[in-house]
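Trainee: Here is how the chains run, residue by residue.
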Amino acid sequence: MLSFIGRRILIAIPTILLISVFVFVLQKLLPGDPVLALAGEDRNPEILAFLREKYRLNDPLYVQYFHWIGNALQGDLGISLRTQQPVLTLIGQKLPVTIQLAVMALIIAVVIGVPAGIISAYKKGTWIDWLANIVALSGLSVPNFWLGIMMILLVSVKLGWLPASGYQPLMDDPLQSIKVMLMPAFVLGTGLAATLMRHTRSAMLGVLKSDYVRTARAKGLGEMSVVVKHALRNALVPIVTVVTLLFGELLAGAVLTEQIFTIPGFGKLIVDAVFNRDYAVVQGIVLCTAIAFIAMNILADALYRVLNPRMRNS
Amino acid sequence: MSTAADIPPADLPPADLPPADVLPPRRKNRVWAQLRANPSALFGATIVAFFVIIALLAPVLPIPGPAETDWGAVRKAPSAAHILGTDEIGRDVLSRMIWGAQASLLAGVVSVAIALGLGIPLGVIAGYRGGWTDAIISRITEALLAAPFLILAIALAAFLGPSLRNAMIAIGLSAMPIFIRLARGQTLQVLTEGYIESARAIGLTHLAILWRYILPNIFPPLLVQATLTIATAIIAEASLSFLGLGQQPPAPSWGSMLNTAKAFLEQAPWMAMWPGIAIFLVVLGFNLLGDGLRDALDPRET
Amino acid sequence: MSFKRTLALTAALLLGATWAQAADLKIGLAEDPDVLDPDQSRTFVGRIVYASLCDKLVDITPGLEIVPMLATAWTWSEDGKTLTMDLREGVTFHDGEPFNAEAVAFNINRSQTLEESRRKSEVASIASTKVVDDNTIEITLANPDATLIAQFADRAGMMVSPKAAAAAGADFGNAPVCSGPFMFKERVQQDRIVLEKFPGYWNADAINFDSVTFLPITDGTVRLANVRAGDVHLIERLSATDVASVKADGSLALDQAVSLGYQGITVNVANGDRAQTPIGQDARVRRALSLAIDREVMNQVVFDGVMAAGNQPYPPTSPWYNSAIPVPARDVEAAKALLAEAGAEGVSVEIQTSTDPVGLQLLQVVQSMALEAGINVSIVAKEFATQLSEQTAGAYMTSQIGWSGRVDPDGNIHQFMTCEGGINDSKYCNPEVDDLLNGARTSNDVAERKANYDAALAILAEDMPIIYLYHQTWLWAMTTKLDGFVAYPDGMIRLQGVSLSE
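Residue numbers (the working numbering), protein chains in the order written: chain C, 1214 to 1527; chain X, 295 to 596; chain G, 176 to 677.
A few of these clues could be false.
[Said to hold, decoys possible] Simulated crosslink set (EDC-like; lysine to aspartate or glutamate; CA at most 20 Å straight-line):
(1) Lys1267(C) with Glu290(G)
(2) Lys1371(C) with Asp424(G)
(3) Lys360(G) with Asp1386(C)
(4) Lys1267(C) with Glu291(G)
(5) Lys625(G) with Asp610(G)
(6) Lys295(G) with Glu1259(C)
(7) Lys1267(C) with Asp346(G)
(8) Lys625(G) with Glu637(G)
(9) Lys295(G) with Glu313(G)
(10) Lys1422(C) with Asp589(X)
(11) Lys1371(C) with Asp406(G)
(12) Lys1336(C) with Asp589(X)
(13) Lys360(G) with Asp1385(C)
(14) Lys338(G) with Asp270(G)
(15) Lys1337(C) with Glu560(X)
(16) Lys295(G) with Glu1266(C)
(17) Lys338(G) with Glu277(G)
(18) Lys625(G) with Glu240(G)
(19) Lys602(G) with Asp457(G)
(20) Lys422(G) with Asp406(G)
(21) Lys370(X) with Asp479(G)
(22) Lys602(G) with Glu637(G)
(23) Lys256(G) with Glu313(G)
(24) Lys656(G) with Asp385(G)
(25) Lys305(G) with Glu253(G)
(26) Lys338(G) with Asp309(G)
(27) Lys511(G) with Glu525(G)
(28) Lys256(G) with Glu623(G)
(29) Lys295(G) with Glu595(G)
(30) Lys372(G) with Asp199(G)
(31) Lys602(G) with Asp638(G)
(32) Lys1337(C) with Glu1436(C)
(33) Lys422(G) with Glu560(X)
(34) Lys602(G) with Glu525(G)
(35) Lys602(G) with Glu1259(C)
(36) Lys1371(C) with Glu560(X)
(37) Lys1336(C) with Glu1436(C)
(38) Lys1392(C) with Asp406(G)
(39) Lys338(G) with Glu290(G)
Hints are computed from structural coordinates only; laboratory data are not their basis.
Please model the complete structure; the sequences and the hints are all you need to start from.
Mentor: Here you go:
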């Protein structure tokens, strides 16, 4: 097991390096002088020249890259051009926010998606199955950001039930924190619920057909017990795997949702950074999300192996 | 999965025919029959067809021009004169919806065409050649896949400059890695089939093998993925436009209409409602269609 | 200790509920401020935070008069080259360091010499400073500079603690130490900036909050929803189109002030090859475009009539406005005649703008109006960062851009219209205008300055390198429980005298 994880991590290293090169080059290609964006209204050439020098923007691209990666390997991701805060500090500030959003969205998705998938598989071919499928696909098809602004309009502006934006650290005031995050988590969760429902359905279909379940039924166990205790337990393997993968995607995927609800997480940080040409921030966040994404992939594979003993020997 | 292929006999001169028993069975009619029997897929196809027809007919429909302004009717609620209301500078929202359908559908189709056009060759080459070629292409694909899709698209769109064309390129490039991976995987699977061995044995060139055996056999899953990706791409275009990186005014697209509308949510909620509903419907249509295609092409599920 | 606490508690009880509820004021900002170092920062929104964090040498009144703040009085020498300022006694910085003439000298020196300083041009006229005594400083100028006092009413006049600044260097913005009514507590980028009451503030009686929290909420609708729901008490830059709904809401109050700045279309007249266009080379085409635009209708359509139509670098409400050149009415025939005279019928004009929806909306109105006069306007949206760099590099035909405005008229016109002006992106150059604008800088006589500006504006109205369109109106929405808020044309939020009631 350990050697499996070790091997996967080794393979991941060149991938991560490649991402860093790619993002580095891409953002250097972006039109627009970061220093000019920095200079704001008063564009004094003397200061511009100084800042270019200070942030090493005059160096050849590869020199800039090696300088950056060298520091990054020592744990220094540079500072935000815009606010001069260290990128690592920013990541430390934003990570809990995005993780909270992702976890809440996942919980919502699991609560909706898994039961819907089970029922749909159990009632395969009936109108319930069909309805569940249409609802799931609708969840996948609705643009998140549109759902977001519509919910703000309805729930916050018209009804005044939930705050329209913001963030409250979980530790400071757990209830308020969850309340603030509920709407964005729901918006994010709808799409995931759909994905999860479809995976659950197909996993359950496979299990329900198996000899194992047939035996359980033959033993005269109640339907509820058969479905929940026996079938679901076996279907959990792929479901857990999918959830893990989704979590990785979520860390990176909450971009627009955070933008709409003004949640100070990764997504908002990176979009603003791209627009402000805040190179170090873009670079640091992409690196971080890519690592998280890959880590989740490895974790998913590892979980799959742990939960599914047949895989271990292969 | 790869057995669900459809090789038109006309493409195969008799001399090149591999032994009959390794030829995958024809499934064209079966696929079509299944698709027709699937109400969800038909429903999806109908939605898509509806929007395509409307978009094509935009120039001949009896609607005001999408850029015709009326200072006296700014942000007016739906009425007899403007069934869907007017927008922030007094243009007819229905007209802009219809013209916007062109941009949004085009964005979906063109960006997926870009993704396919680049992704398939790269994936097939990686799978077919193996070795270093495969290693390099695969690593790059993995790296691209690990970078968040929308972030990649945003950065590319920002790099290319905000416009519909550039948004399509950005989305296409960002969607490409999925197709590389899929095409590579499918190619590897097809390579294990006996008929490739046979084709090699009778001395066909690589190009001929790729063209006659591999491409047609990897096509069905790619088609399914492409249909589903059109749905994703339409949402991606809307997202980019929503951030100001897509279609630029005065030309309409649903995403850019939403971008403008978000400033007038309270005063003119209809401005945000219609484009959102349209995006939802057309994306749902493509998703249903894609699902139907998958079911029809993959014999295991049914 | 415990006795003191009891006293404080009793006092709190006596003051009653008001005191308890006035604890934290939450303000919704339209953007996230940049670095919080007065010498390095560059955004408008950052200045809103400074209004609570850093006191300045002088302040302004809503009527734009300069009034004492940290400096209590000042006198100019006869030749206009020496400024002597009396400083407020008993003022301390947040770290307990005393504010005195030494500190002022340190701050001016920092603005001039810190390599990252964005204030250099603002204090460029200062040749030397002399500490006369603890509470008197003498500032000697290389040449008379009428704009200097107004600079001291802004970031160049903000005093930071010399000790903290020396220790932190260019990183000062991560933990700024000033002498304002509130002290820096914490900042989470894009989320919040929290300031705590500074007990040692010289004007502490005017401050009724224990802390103030600034929350950047970029979306206008969401910002409004927040103040409506009571999650914040006050928001700045309410959308013009939301004014009606705020007025209709009994729990919200609205305040407004026409800004000091302007919005317009900058034309590339001599900045590289892209200036070689009909509109770049022929002022008649520019005047035709200006005449083709109905500024009032534009204001009505885009802003529900809330902004102020304009045609000069400062709004018609400004004492510096040249009333001999009023905002022109739309005249399509005159525009056509000008185009015919210039031989430019059917001319094409490309206007670049940022991807901001309001700017795009504005330009679409311009586009549609210009078409009726026979001018084909095409709109090219760029990201703001790109727009800026292309504008500086001359890679544009015309560009829709604005200026947030300065207290002194010089700040709105000199750097844009003089040949060597730092932000002169149109590269307009007219020696006559240079003389007038430079002359206005060196005189401390208001009437004389006004005459210079009037003359310069008359020339600029003919040459029209910038087609001024309108002046933003700062809009604040707040809970009706908030008392004592005063709208200032500089768009700042001053918390002196503001309180929350129940």
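Trainee: Hint by hint, which ones does this structure get wrong, listed from lowest number up?
Mentor: 15
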